[in-house]
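Q: Numbering follows this note's numbering, in which position 45 of the sequence shown is assigned residue number 45; successive positions increment by one, without gaps.
Everything labelled a hint here was simulated from the structure, so no lab data went into it. Careful: at least some of the hints might be erroneous.
[As the list claims (entries may be wrong)] Here are the simulated DSBU-like cross-link-like pairs (lysine-lysine), alpha carbons at most 35 Å apart as the crow flies:
#1 Lys-6 / Lys-52
#2 Lys-6 / Lys-18
#3 Lys-52 / Lys-18
[Unchecked claim] Computed beta-carbon distance windows for the label pairs:
#4 Arg-32 / Ser-5: 37 to 47 Å
#5 Lys-6 / Asp-44: 11 to 21 Å
#6 Leu-23 / Pro-54: 15 to 25 Å
The C-beta atom is built at its ideal place from N, Cα and C for all residues, glycine as well.
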Amino acid sequence: MSDLSKDTETQLEEIAAKRVEELPGETALGHRDPQAGGEGEPQDWKGNSEVKLPE
């Protein structure tokens, strides 16, 4: 069982759903896969450092 409140859990689920849409799709060789969606190039992905998480 999680120690998170339902509100925090809901917020994290919303953040995760948005971030997944932004992830650049890539092939097995690490090249961009335009059919997979997302934004940018896989090698340029900076990760989650800019995402504000609920406390």
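Q: Now tell me if each hint is right for this structure.
A: Status of the hints after comparison with the structure:
| no. | hint | verdict |
| --- | --- | --- |
| 1 | Lys-6 / Lys-52 | holds, 18 Å |
| 2 | Lys-6 / Lys-18 | holds, 19 Å |
| 3 | Lys-52 / Lys-18 | holds, 13 Å |
| 4 | Arg-32 / Ser-5: 37 to 47 Å | holds, 38 Å |
| 5 | Lys-6 / Asp-44: 11 to 21 Å | violated, 36 Å |
| 6 | Leu-23 / Pro-54: 15 to 25 Å | holds, 21 Å |
Checked against the numbered hints given earlier, the structure breaks only hint 5 and satisfies all the rest.
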